[in-house]
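Asks: Once you've looked at the hints, dock chain B against the given chain A.
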Amino acid sequence: MKRIAAIFCLVALVLTALYAIAFHLATKRLEKEEARTSANLQLFFNEQTNAAKLYFEAFVLGKSSAKSLTEFRLIHPGLFPTRYSELGIARQSRFAALPPGLKAQNTRLSGNGSLWIASRWVVDGNKLWLETLGSKAPWPRPVEVAGAPIQGLASAVPQEWLRPNDPKIGLALAPAASNDLHSRTMTLPGVADSETSPQLVLKYKIGFWTHLLIWFLALGLVMGFLRILRNRGPKRGKREIQLEEELAYLSRTYQNLSKTLRMERQKVESILNSAPDGIFTCSPSGTITTWNRSMEALTGIPSETAIGKHYRESLHIYSSGGQLLSDTFSLSFVQNKKLNLFECSLEVLNQGDGSASLFFPVSLGAAPVMLPDGTVEEVVVTVKDIRPQKAAERLRQDMQAMITHDLRSPLAAMLGYAGLVANAKTCKNEADAQKYLESLMRVGKEMLMLINNLLDWSCIEEGALFFQKESLAVAPILQETVESLGVLGKARQVSIVLDGEANDLWALTDGEKLKQILNNLITNAVKFEPPGGVVTVHAAEEGDKIRISISDHGPGIPFEDREKLFQKFSNLRKSESSGTGLGLYIVKTLTDALDGRIEVKSEAGHGSTFSVILPAMEKVEAHTQQLSLLSLVSPVSNPAN
Amino acid sequence: MGKHILLVEDNSDHHFILKAHLEAEDYQVFSADNGLKALKILAKEKIDLMILDLWLPKLDGFAFLQSLRAHPEWSAIPVIITTGVERPKDILDLAGLEVGNCFTKPYEPVDVVAAVGSLLLSTAGA
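These protein sequence lines map, in sequence, to chains A and B. Note that the first sequence covers residues 1 to 641 in the numbering used here. Note that the second sequence covers residues 1 to 126 in the numbering used here.
Okay, chain B solo, but in the shape it has when bound:
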């Protein structure tokens, strides 16, 4: 089994499609549809990369990302953002949050998978 990827996405269809693509590439995908669930998974599993929707129930993407960056162990986990928000990078930069890639919906799942691959490679190389 390959790298551990945490997919945090509340839309079940998008979640399903992205998961199917990732699994086809031999990643092990952990699913969460809200921030709280994601934190629980993070506590249990070792996660190599995270795909995060910014618009989430219970604990939204921003708050989640902030707590993630503040955490000593998890702060280095690379994060790919998928969101319906226009120009999410600006907002994140403004908040001083660093992320690997940003994808605005509707995105091509294949592109996300490719970004996952390259990001994992670059982190491994670093």
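So that you can see chain A by itself, here it is in the shape it has in the complex:
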């Protein structure tokens, strides 16, 4: 705003100055022409009518002066304050006679040369004004009246009009006539001494073309000035402007690029740091440039320590054959340009902080970051920790061996017993055969349980274990299980005793699964019970639960082994008993699935008690009724029998 105002003021100033200059020039030219302008005044007085007539004769020389003359005044100080008296004005040719009956006419001055002007006179104050009619903008400008009286004028004046004596102005010579306009005029005191000459006033207007010229000049100057204002500062060429634009474009592009680059960098960092495998990059010479979080976790070396050093200071890579690869690794990589995943061992060297160096199997891969000309700029190395994979593999192998062994062993025993029966030397009588066949059955049952456990285990692993829960009386299940394991007890000289108030107990459970749980637990108890001992199976109600406890008098389970007890493949006493180590794992899984839980009480050297706690049910009447109905119809099928 301030700037606009300043510019406006400046423009106004310049315009004014220009106008003044232009006007000055115009005035100078007029003055030059005025210098040649002359006028003559003659006052005539009619004594009969007491009227006065003024004849004025002026020569305005120069074309432009005549054209632009708008006012013409005669000033004579000391005249009577009569308002005015009309005088005739006529356009006349040069030195033409004054026409009769002078009247005010058109006062516009035109033509080249001298004019014979009659005007009106105005008495204002003590000044006599002679003015042209139709003047627009009075601008008094005294002009000295000089020169000789106009020749031939007197002849044109009517005879009755007297000519004043003074040839200079004539007015002063006229006799005073009181109360009369003219006479008063003539009796002016100032006139008599004629100290002051009457003045001729000429007024000019500035012509159209002059105005146009002035405005044109002013406009040109203003525009020039504005241009100077606009182009202030160092002068710039077209090429420079073009360069400047290019530079701005480049700067914008650069900003966008650097923003994109920052985003990309963040993205890459996020990807690197969220990768589960260790990733590091190094120069072809082996200096580490990136070290991601998984690498930190894997090696325990923070990225600040690793970056900038040669990777050999942190890692040694060995082939699966135990050969140190570190020295040739990067070289061979750069030559081959590609390195597929391969298994090797990684030694993480301690970083001088006293920690032990690590050594573990990894799967290693590398990819080059190549420049367009094919030279390797950086090497991206991925390091996958394959310890869990190796452990799983080992576990699988162990398990396979164990399963093979544990299935083969009872099968061999079964064949062995069958062989004893078949051999006449070993089977001398029926009692022998009975003995061998009982053992065969026992081993067969053990094997069946083993296979059931294996099947269940694979079902559990695959999540395909199905349950059919219903209200069941606990007693028959217990009885059946204990009876079926009688052979096992007999062979080991262990009796299995069922006690407690099992008869009225009902549970919401899956009968087959419960049998399997009990089978496993009782078999275990029998295995660990010393010969001649008793394994007790006890069932009792406990609030809204049923507790089934199996107790033995075996070696017991050390406290520190309790946690491992229910893990799969955790045969705690592997050397003393056969088994896959799946039994208790399956017991635990099945019990959990049946909304129950399992408890272990054990003391080393004083036996163990495993308790299964299951949700109890109210005795289901309908079911009982059905049972009694059945027993009425067919007394043989009564389970009590």
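For the record, the hints were derived by calculation from the structure and aren't laboratory data. Note that CB positions come from ideal geometry on N, CA and C, so glycine has one too. Some hints here could point you the wrong way.
To be verified - Straight-line Cα separation of at most 25 Å, DSS-like style, residue types lysine-lysine; simulated pairs:
{"no.": "1", "chain 1": "A", "residue 1": "Lys-515", "chain 2": "A", "residue 2": "Lys-428"}
{"no.": "2", "chain 1": "B", "residue 1": "Lys-19", "chain 2": "B", "residue 2": "Lys-89"}
{"no.": "3", "chain 1": "A", "residue 1": "Lys-445", "chain 2": "B", "residue 2": "Lys-3"}
{"no.": "4", "chain 1": "A", "residue 1": "Lys-515", "chain 2": "A", "residue 2": "Lys-490"}
{"no.": "5", "chain 1": "A", "residue 1": "Lys-425", "chain 2": "B", "residue 2": "Lys-105"}
{"no.": "6", "chain 1": "B", "residue 1": "Lys-3", "chain 2": "A", "residue 2": "Lys-425"}
{"no.": "7", "chain 1": "B", "residue 1": "Lys-19", "chain 2": "A", "residue 2": "Lys-428"}
{"no.": "8", "chain 1": "A", "residue 1": "Lys-527", "chain 2": "B", "residue 2": "Lys-37"}
{"no.": "9", "chain 1": "A", "residue 1": "Lys-588", "chain 2": "A", "residue 2": "Lys-568"}
{"no.": "10", "chain 1": "A", "residue 1": "Lys-490", "chain 2": "B", "residue 2": "Lys-19"}
{"no.": "11", "chain 1": "A", "residue 1": "Lys-601", "chain 2": "A", "residue 2": "Lys-545"}
{"no.": "12", "chain 1": "B", "residue 1": "Lys-105", "chain 2": "A", "residue 2": "Lys-527"}
{"no.": "13", "chain 1": "B", "residue 1": "Lys-37", "chain 2": "A", "residue 2": "Lys-445"}
{"no.": "14", "chain 1": "B", "residue 1": "Lys-19", "chain 2": "A", "residue 2": "Lys-425"}
{"no.": "15", "chain 1": "A", "residue 1": "Lys-428", "chain 2": "B", "residue 2": "Lys-3"}
{"no.": "16", "chain 1": "A", "residue 1": "Lys-469", "chain 2": "A", "residue 2": "Lys-435"}
{"no.": "17", "chain 1": "B", "residue 1": "Lys-89", "chain 2": "A", "residue 2": "Lys-435"}
{"no.": "18", "chain 1": "B", "residue 1": "Lys-105", "chain 2": "A", "residue 2": "Lys-435"}
Said to hold, decoys possible - Listing some non-contacts, in silico: residues in chain B with all C-beta distances to chain A over 10 Å:
{"no.": "19", "residue": "Leu-18"}
{"no.": "20", "residue": "Ala-70"}
{"no.": "21", "residue": "Ile-77"}
Replies: Same frame as chain A, but now just chain B:
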């Protein structure tokens, strides 16, 4: 009663079956289900031959065999190995332990009995 045979086997079924076969051939069988028991029997009885499982509780077969071979009196007792370990002979050779025969489970009990017979014969002949 025939020769004294010490049967060291922890699996009761296998133990029972082999014992039945040996007794049918009139051998007197002494039973042990671990190395320590076997050493006790060795101290009490004169043993002509030993059938030894390599995988034993308390004192395993290898350790047992090593102490046996180091013993002045028992070092000459012929030993038949029964084991679940694959290629037990290699392992034993590696350990510098000499044995009569090796049987990998599952074996035919009759074959073991036959090996016992021939081994006893060859020792008697020697």
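Asks: Is Lys-469(A) close enough to Lys-435(A), meaning Cα to Cα at most 25 Å?
Replies: violated (39 Å)
Asks: Is Lys-105(B) close enough to Lys-435(A), meaning Cα to Cα at most 25 Å?
Replies: holds (23 Å)
Asks: Is it true that the CA of Lys-527(A) sits at most 25 Å from the CA of Lys-37(B)?
Replies: holds (20 Å)
Asks: Is the hinted pair Lys-37(B) and Lys-445(A) satisfied, with a Cα-Cα distance of at most 25 Å?
Replies: violated (30 Å)
Asks: Can you confirm whether the C-alpha distance between Lys-105(B) and Lys-527(A) stays at or below 25 Å?
Replies: With Cα atoms ~22 Å apart, Lys-105(B) and Lys-527(A) stay inside 25 Å; holds.
Asks: With d taken as the least Cβ-Cβ distance between Ile-77(B) and chain A, does d exceed 10 Å?
Replies: holds (24 Å)
Asks: Grab the minimum beta-carbon distance between Ala-70(B) and chain A and tell me whether it stays above 10 Å.
Replies: holds (23 Å)
Asks: Would you mind confirming whether the straight-line C-alpha gap from Lys-428(A) to Lys-3(B) stays at or under 25 Å?
Replies: holds (22 Å)
Asks: Decide if the proposed pair is consistent with the structure: Lys-515(A) and Lys-490(A), CA atoms, cutoff 25 Å inclusive.
Replies: Holds, at about 20 Å.
Asks: Hinted pair, alpha-carbon criterion (25 Å max): Lys-19(B), Lys-428(A). Please report holds or violated.
Replies: Given pair Lys-19(B), Lys-428(A) holds - Cα atoms ~15 Å apart, limit 25 Å.
Asks: Given the hint that Lys-89(B) pairs with Lys-435(A), does the C-alpha gap stay at or below 25 Å?
Replies: violated (35 Å)
Asks: Does Lys-3(B) pair with Lys-425(A) here, judged by a C-alpha cut-off of 25 Å?
Replies: Given that 25 Å is the threshold and the Cα spacing comes to 18 Å, the pair holds.
Hints 1, 3, 13, 16, 17 and 19 from the list above are not met by this structure, while the remaining hints are.
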